[in-house]
Amino acid sequence: MSFLQYKTYIEEGDLVIAYITRENMMPLVVNPTMTYNNKFGTFKHSDMIGKEYGSKISSHNGRGFMYLLHPTPELWTHVVPHRTQILYIADISFITTYLDLKPGSIVLESGTGSGSFSHSLTRTIAPNGHLYTFEYHEERAKAAKQDFERHGLSDLITIECRDVYKSGFEITDTVHAVFLDLPAPWDAIASAKRAFKQRRIGRICCFSPCIEQVQRTCASLNENGFVEIKMFECLIRNQEVHTIPIYTVKDAVSKIKAQQEKKRKRREQDGEKDHTTKSQHKQEPPNLYVSKTPTEARGHTSYLTFATFLPILDE
Amino acid sequence: MEIDQSLSEILSVTTEINKDIDKNIKGKKVKGVEEVEEVEEIEEEVDIEVLEEEEEDTCYIHDNQYVLILLPSGKFGVFHTNDIIGKPFGHSYEIHDRDKIKIIRNVAFREVDETDANNKETIDDPSKQKLSYEDIEQLKKDGLEGQKTEYSKAKYIKRKEAKFSRVFTPVRPTLYSVWEYFHTKNPSKIREMRIDSLSQMLTLANVRAYSKMLVIDDTQGLLISGVLERLGGYGVVIGIHDGENHNFDIMRYMNFSKKIYNSLRILSWQQVFKEEIQAPFNYQNESNLSEKELKFYHRKKANYERIESTRELLFKGGFDGLLIASQYQPESILETFIPYLRGSRPIVIYHINKEVLMNTCVHMRISRIYLNPTITESRTHPSMSTSGGVDFEKISSKRAKLNKED
Chain A
58 MSFLQYKTYI
68 EEGDLVIAYI
78 TRENMMPLVV
88 NPTMTYNNKF
98 GTFKHSDMIG
108 KEYGSKISSH
118 NGRGFMYLLH
128 PTPELWTHVV
138 PHRTQILYIA
148 DISFITTYLD
158 LKPGSIVLES
168 GTGSGSFSHS
178 LTRTIAPNGH
188 LYTFEYHEER
198 AKAAKQDFER
208 HGLSDLITIE
218 CRDVYKSGFE
228 ITDTVHAVFL
238 DLPAPWDAIA
248 SAKRAFKQRR
258 IGRICCFSPC
268 IEQVQRTCAS
278 LNENGFVEIK
288 MFECLIRNQE
298 VHTIPIYTVK
308 DAVSKIKAQQ
318 EKKRKRREQD
328 GEKDHTTKSQ
338 HKQEPPNLYV
348 SKTPTEARGH
358 TSYLTFATFL
368 PILDE
Chain B
16 MEIDQSLSEI
26 LSVTTEINKD
36 IDKNIKGKKV
46 KGVEEVEEVE
56 EIEEEVDIEV
66 LEEEEEDTCY
76 IHDNQYVLIL
86 LPSGKFGVFH
96 TNDIIGKPFG
106 HSYEIHDRDK
116 IKIIRNVAFR
126 EVDETDANNK
136 ETIDDPSKQK
146 LSYEDIEQLK
156 KDGLEGQKTE
166 YSKAKYIKRK
176 EAKFSRVFTP
186 VRPTLYSVWE
196 YFHTKNPSKI
206 REMRIDSLSQ
216 MLTLANVRAY
226 SKMLVIDDTQ
236 GLLISGVLER
246 LGGYGVVIGI
256 HDGENHNFDI
266 MRYMNFSKKI
276 YNSLRILSWQ
286 QVFKEEIQAP
296 FNYQNESNLS
306 EKELKFYHRK
316 KANYERIEST
326 RELLFKGGFD
336 GLLIASQYQP
346 ESILETFIPY
356 LRGSRPIVIY
366 HINKEVLMNT
376 CVHMRISRIY
386 LNPTITESRT
396 HPSMSTSGGV
406 DFEKISSKRA
416 KLNKED
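Line by line, the protein sequences give chains A and B. When the letters of the first sequence are read in order and numbered with the working numbering, they come out as residues 58 to 372. When the letters of the second sequence are read in order and numbered with the working numbering, they come out as residues 16 to 421.
A portion of the hints provided could be inaccurate.
[Said to hold, decoys possible] Cut-off 27 Å, straight-line C-alpha distance, at most; resulting in silico cross-link-like pairs (DSSO-like, lysine-lysine):
1) K64/A x K274/B
2) K102/B x K287/A
3) K331/B x K254/A
4) K102/B x K254/A
[Stated by the list, open to error] Here are the simulated distance ranges between beta carbons:
5) N262/B x V310/A: 52 to 58 Å
6) P295/B x P302/A: 52 to 58 Å
7) K102/B x E80/A: 50 to 56 Å
Calculated from the structure, these hints are not laboratory results. Bear in mind the structure is a predicted one, so any value in this text is a computation, not a measurement. For every residue, glycine included, the Cβ atom is placed at its ideal position computed from N, Cα and C.
Put together the whole structure using the sequences plus the hints.
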């Protein structure tokens, strides 16, 4: 199993994303001696081997089922152990396009965090691109490195544990795009500038949740000769689709009448039940497809500050 | 942070220019997108000699390549396109001495001094007019009207500068810049698709090298361009188009290499269905044909074989994703292509009208072969002025199509 190529059948050692519900997904590495338990029962890993990705399997006590999905970077963002704040789909997508990433792109990322965005980046720049990613937290860097190896990405990723504020990136004239997810990106911009391939256009993105960070970042980008400084915010809103009956005012009148009739009958027959009146007024109204936004939705994630690196010129 | 400049014209640097080296190409320099039609034939010829090194190639301006030119909104001069060929993208040029160009230093933004001035005291009443005629004339001369904050002054200066400057910027055609051009110029051509929705489609559908994608494109090739670029020539895309001949017009502005074009196969709706049998090709003995007939015969034959092999590829199935931005009912499209998709593969459908997708969403829920259909709507700030209040919606069965045996 690799994040860079699909396969059809599940084998031992493969990563499977177990889909229980939309909110409940679980990454499983298939090991025939293991079982996975949840409130729907027990699932044997050995049952998964040989199944096609996308298959549905039932639990052993028959109380429930789940689907076995092929991992993608987007599914991984849902199930990645949250070691840090991660990027979400709207930001990931917009950054990828704005930084002009495609197969062959060479990208610098700092910090690596949980490595979730690194997965998306590497997917896009494969098979001939490269990602240099830096993380100052040693444990996180180790964990991310392990993930990259397990997911078949390590050939395309160079990960280093380093404090980039202090020692910079020590990469020169190499990358096409830079992504900085740091508390103080302005302290890394000068070093990032040297990392760019010097004779071609390049793009940088700084990811900061607060507007004060954006202001300092813009000032620093400007001082360092970056141009086209623009800030974006991406918002995504889910729409819940429902089917609802639409009653008319006549239905409202019928409803009252039905109630009155019921009362009258009850008085007359002293509580003896009569179903005829009920069915007489009950008419199925036409259904309508409607949508609404969820009552609670994710709002602001971060501001995306972009700028362009200009190629140096021969005078 | 400014977003008010727009890409005004598309310029195509064609072979024509190459031939006319050192000749003034005044009047020809900026080809509007309508005029580009004339260039089409030349493009086809050039198609064959595509440069090998793609990556480094795209950041320099080459001849036989499309270039977007960012122009000031006001009067504009003349320049020789030969003067920008071979230069890296990114810099802006100023026109001087009638038709000479020089690189100018780009200025990101100027510092704005903060003041206490605001519009609190501004009341729309002529009697409150405290300025004399002379004062007003003087202000007009200075180019600033009324009481303004430093921020609005800076904005105003910027606008005036943009109008009267003779500065232009060659812009590298990327998915973003090409989208920006068409979205500004003719949004209905691309079904009013916004760049954030296009980006999300590509991400949600996990478009990458070594995948086999199905793309239903009624956005004149914008969606196909995105998919082709992310495949980078590794993998295959079948693009389904409306009408008899394909209209993936936007594709050509992306300056794709031969390698990337090779991963594209094209079918019309008629060719998608098994029961719509193609008229069989009349194979002939080639030695009986004249040279002219032979040329025609070969073209016909290649075309027939191309369609037949693409149909075979489709019917064989095993596709990794389905992206739809079409005028046709999504349910009918799904019904057509679902048999050709593998299990656990993403489907992403775009539509400008949410209602269409609501029907699809309900259909998907009922049919039980899809997992987790979701409709999402997204916005990107700042964009109020550019989107004109039009939202896009899209549905993405993010998680997958299920195995049909289950």
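Hints, one by one, checked against the model:
no.: 1; hint: K64/A x K274/B; result: holds (25 Å)
no.: 2; hint: K102/B x K287/A; result: holds (25 Å)
no.: 3; hint: K331/B x K254/A; result: violated (43 Å)
no.: 4; hint: K102/B x K254/A; result: holds (15 Å)
no.: 5; hint: N262/B x V310/A: 52 to 58 Å; result: holds (55 Å)
no.: 6; hint: P295/B x P302/A: 52 to 58 Å; result: holds (55 Å)
no.: 7; hint: K102/B x E80/A: 50 to 56 Å; result: holds (52 Å)
Against the hints set out earlier in the document, a violation occurs for number 3 only.
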